[in-house]
Structures are given as structure tokens and as C-alpha cells.
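Let the hints inform the model, and build the full structure from the sequences given.
Read top to bottom, the protein sequences are chains A and B.
So for the first sequence, the numbering used here puts the first residue at 946; every next one is plus one.
So for the second sequence, the numbering used here puts the first residue at 4; every next one is plus one.
For the record, the hints were derived by calculation from the structure and aren't laboratory data.
You may find that some hints are simply not true.
[Said to hold, decoys possible] Once the Cα atoms are required to be at most 20 Å apart in a straight line, the calculated EDC-like pairs of lysine to aspartate or glutamate come out as: (1) B:Lys45 - A:Asp951; (2) B:Lys45 - A:Asp996; (3) B:Lys266 - A:Asp996; (4) B:Lys45 - A:Glu1015; (5) B:Lys67 - B:Asp77; (6) B:Lys45 - A:Asp989; (7) B:Lys45 - A:Glu969.
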Amino acid sequence: MASYDDILERLFVHLRPLARPGVELDGDTDLVRTLGLDSTTLVDIILDVEDEFDVSVPLNALSDVQTAGELATLIRGLTEEQ
Amino acid sequence: MDIVSNPSNHDLPHRLADFATLSEALDYAATGATGFDFYDSKGRLKEAMPYSELRRRARSVARKLLGAGLSRGDRIAAVAETDPEFAVLFFACQYAGLVPVALPISLNLGGHAAYVEQLRRLLVGSRPALALAPTELMPFLEEAAEGLPGLAPRSFGDLEASPEADVEPRATEPEEVAYLQFTSGSTRFPRGVVITESMVMSNLRGIVRQGLAVRRGDRCVSWLPFYHDMGLVGCLLGPVVSQLTVDYLRTRDFAVRPVQWLKLISRNRGTIAFGPPIAYQLCDQRLRADDIAELDLSSWRIAGVGAEMIRLAPLERFANSLKSARFDPRAFLPCYGLAESSLAVAFSPVDGGVLAERVDADALSDEGVAVPAGPDAREVREVVNCGQVLPEHEVVIRDEAGASLGYRRTGRVMVRGPSVMSGYFDDPESTKEVLAEDGWLETGDLGYLTEEGLFVTGRSKDLIIINGRNIWPQDLEYLAEQQQQVRIGDASAFGVSDPDGMENAVLVVQCRISEVAERAQLVSQIQSSIYASFGVHCLVDLVPPRTLPKTSSGKLSRDAARRGFLERVVWDEPLAVAKVAGKA
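Below you can see the structure in the form of C-alpha cells.
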């Protein structure tokens, strides 16, 4: 079972290419405001996450996700359900 | 146990939409072997529901609805996930004389509150007697319905588990309302298109006979949402009235893995599949070489393209990428329509592919005349032919003053015929704006006619269309005005094409703030509230007060604001960077 920190680290691998140079990623990083995730890049991230963690991310859950940490918590919950 | 998919064929006499009502059409389809198949995100069959089963469940739910004390003509709002339950509910309403209203699913990152607000406006706008949702979306619907008198949302499962009333349901009659269709118009002031049984049946006849020339053995594959006219009328009702089997993929699953759509067509020998241009573009962007090797698209005879203005290049790229998968570009079928005319207005010819003509762009924009581009044309524009108007329907082009224009002159596209709505629900004022006493409907689109058909060149309304999604400038301006630092009337929104030809949403906002960090903060606040509501990035341009031009009547002119912006913008400079905040 992957821990929250594990999942967050693995998420950063996918998120880092979106960050401006010099921007440090942490759990509080705002996916829209700081990383500028739009609907296309969001889909890329979902695809990466689903493939990497073998989960299916429901849309309704994403509507309460604002930060990288919240996304990690969501994925952790999804992996536990399986 | 393995689920067995519905066959493409049945042994009934093939009837093409010659029914008086939708319930009569389902009664007939239910005597054959075809039906709906629902697939999961990995392309595995989740549920196969033959039309006989759809009919049985719909008639049972009709009795349950009547048992819940509903009266004839009551509206039933339902969050329209691509599930068997929504199809059952839709037809249950047909059997019970009730009016279904499909509610959208529009969930963006951090968009919880915005979605609840959208649902609430639709509930207020349609005044349903009952509101339903799949279990996983119930929390949103419950929140949206809070405080609305007499409205206690229920899940589909809860409704199906309730007792049947001991009454014989009386189906919706030809002149009664078949459904309300909320247009993809402004989210703040949604308008419900009222469509009767005879209107939708006349449109469906045109679609399956002239538009698609449906044949026995055709099979549809669709990911289009049931809360859009193309998904509901085209891909849910169309197959029922012509006894075709459909393979459904959820919209969300298509968005993440668009190639699944092509895989289903290939695997199930699909023949008819529709999408907006962006669907073909997404597939092309995501295709990998091993996908292409796996696909055989030779069965696909109608690749419908509609819902927004059609450009040639993305379709050509799609066809080129999939040549070795035996995709036939003649399958492309551009069409034109709108929810206010049930769905379809015009189709280009079957097997014709994309028929476009090259016109002189200067003559088109300066004089409103579409003349074939000569060798000395400074700029050429390719305009796609959307084909001939459906039987019993008429299209004319009018100028600003309302006078009819001849061939090759651009103006407002007007439609008249038996598929045109009776009006917007509960909204005589908006109805009057678009629908004249003599039956002519103002479509809001611009175009011209030739002997070959209808050519759509743009929108007369200020609509912004990004990734196939309609966004009304008023909605973006409103979100900007919600910020403390912005006064009402200080924001103007419009769409512009960037150098790559991609449409961008732009907001020009007048503000007095000079401090750099505060300005950046304001831009970021506006951008994230727009993102939460619409899932798009908006370029926000802060300008000094009194920069925005006004019209003679004192209103802000979006057109003039747009021209001013285009003079200021340097595409590789700060604004474009602001657009993709975070990317260097």
C-alpha cells in the first residue's frame, strides 16, 4: 500500500513539467492557479494517474480537489477501495 | 458470466421513424433483438439492454412515477449520465405523459460550488416535480435543491425500488411536450427548448431517412452526452426510431481515452458515429502507432461532424492518420443544426466526404459575398458545405434589416419547419427574440446558401467556442464583476484566435490597481473562478479605466473591445504567458 507521501512524490513526477522554473512543488501547490492546469492538461494527468496507480478517477471527486495534496489524498482513497 | 452485446441485426420489417410518438417507436423496436450496450472506461461491456428490456423497465418506472403522485405534463429533471437508468427514465416519462429534462454533468477541478450553482439554476428554470440523479451524483443534486419548496431529490435506484401505481399509464400524445432541452447557452440564464412529439419525430424522420439513409444492420457508437441535443436526439432517440443497436461510452471516458471510441467502432463493426470537430482532433492527438495497427475502421460509413463551425484541417489530419486503419474520408458527413430545431437542419450528402469551397476572404469579410477565390486573392478561406436542408424545412439568409438575400450573400441563417420548437419554457421574452409569429427561427449563425447547400461562416451572437464548448461572454464578465476590485460594466469578454488558429477566451477588465502583486492576484482570482465554472483558461488583460469602448447606447461594445485587444496583444509576450500561467 502506497503512503500519502509516496503518492505525492509520484504525482510530482507528472506535475513538475508543468511548473515554472524555480517553483517548488508541495502538498499545497494549487493545481489551477500555480500550475495552470487546463482541461487538456488535466486529462493528461488523470490518464497518467490512472495508468500508474491502476485506479479510475471519478469526476465528481475531482470537483473538490484544488491542490496536489488533495489529489494525492483522493488517489490514496481510490487505491484503498480496490 | 459474460455479458453478450446486442446484435446489429433484427428480423423485423425495418421502419424509419414513421411513428407518431417516441413510445410507439420503442414499442416497435422492443419486438426486435437490438438495443443499447454500455461500456466502461477500458472498453469492457458493462450492461447490454435490449429494447424489449428498456421498454419493460420504462413501463414499470412509468407506473412508479405515477405512484409518486405526479400529474400529466409535470417535468422530471434527471442528471443525465450515460447510463441505462437515464434511458429508462426518459422513456418512462414518454409512457406516463411526463416531461423529462436532462441535467448536465459539468465537473471541473475545484468546480464543486460552480456545478451546484448551475444545477440550481436549471432546477429553478424548469420547476420540476421530481429531480433524480445516479447515486454518485446525488450529493450535488441535493445541495442544488436545498430550500427549493417541494423538491426532494431521489436516486434512480430509489425510484426503481418504489411500488408501482395500479393505473394504466397514458403515453405522451403527438401534440404534447416530449422533453425540455436546455441549450448550451448562458449558464446564468439557461433556456429550456420545448419540443413536442411531432416536432422531434419529424426531425428524426429527416435524420434517419435523408440525413443518414439508415440501413438494416447499421450500428451506432456514441460518447456524446445525453444532455446535449446531438447525444439525446441523435444518438439515443435516432437509434430507437430506426431499431439500431448503439454502443455507448461515457463522455468522461472518451475525454480521457478518446481512442476507445475508435476501438469500439472497429471491434463492433460500427457504421455511424458522430462528434464535434474536436472529437476527431482529440483522437488524432492521442493515437499511437500500435493503436492504428489494431484498428480496422472500414465499417464506418458515416462519421458525422457537427455542433460547431467545421474547419477542414483537423479532419484531414484525422483521415491521414487513419488511412492505414482503412478509414474512408468519404465517411465524413458535415451537418448543421441546433436544439431549437430539435437537432438537425441540414446534412451534406452521404458518401460525399467534406465538401468545402475556397472563397476570397476579403470579399467575405468586407462585402459579405462568397466568391470563389481567384489566383490573385490576397487571403483564402475554406468554408465547409453543410448540405441541403431537410424535407419540409426551409432555410433563408437575411440581412440585418430582415431582407432575404440571394445565393452567395452572407447574412443571418433563418430556419422554418415542423421540427422548430414552440418556444423557450416559461420565457416568452427570449422566445420572441428568436422565433417570429410566422415561424421563422433566428439561429444566431451566419452563413450563405448556394445551389449546393448551406455554408456556415460564423456566429452573429458573441458566443465563444472552445474545445467544442459554448461559452457566453456575459458569463465570463459576470464572474469578473464578482471580484471586489471590479465594477459592474468594467469587464468585456470575447474570443480570439491565436496564431495557431486556436480559439482563446479573453477578458479585458478595467481596474484602478497599480500595485503589481495586487494586479497578479486579481488576474489569478478571475482565472480560477472561470476555470471552476468552465474548465478553460481565460486571458485576462487589465487596462486603465475608460479604455473599453462603448456603443452609442452606452453599452460596452465587445466587438470594439476585441479590436482594441488585438491591437495591443503580442502573442509571445506576457499575455500568452499569463494564459499558461506556470509554463515558461
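Taking 20 Å as the top limit, are the C-alpha atoms of Lys266 of chain B and Asp996 of chain A close enough? The hint holds at about 18 Å.
20 Å limit on alpha-carbon distance, applied to hinted pair Lys45 of chain B and Asp989 of chain A: holds, 16 Å
Mind checking the alpha carbons of Lys45 of chain B and Asp996 of chain A for me, to see if they're no more than 20 Å apart? Answer holds: Lys45 of chain B to Asp996 of chain A is near 11 Å, not above 20 Å.
Pair hint outcome, Lys45 of chain B versus Glu1015 of chain A [Cα-Cα no greater than 20 Å]: With a Cα-Cα distance of about 25 Å, the restraint between Lys45 of chain B and Glu1015 of chain A is violated, given a limit of 20 Å.
Would the hint linking Lys45 of chain B and Asp951 of chain A be met if the CA-CA limit is 20 Å? violated, 26 Å
Hint check: Lys45 of chain B vs Glu969 of chain A, CA-CA at most 20 Å. Holds or violated? Violated, at about 35 Å.
Regarding the pair Lys67 of chain B and Asp77 of chain B, is the alpha-carbon distance no greater than 20 Å? This hinted pair holds, its Cα atoms lying about 14 Å apart.
The structure is inconsistent with the numbered hints 1, 4 and 7, although it conforms to all the rest.
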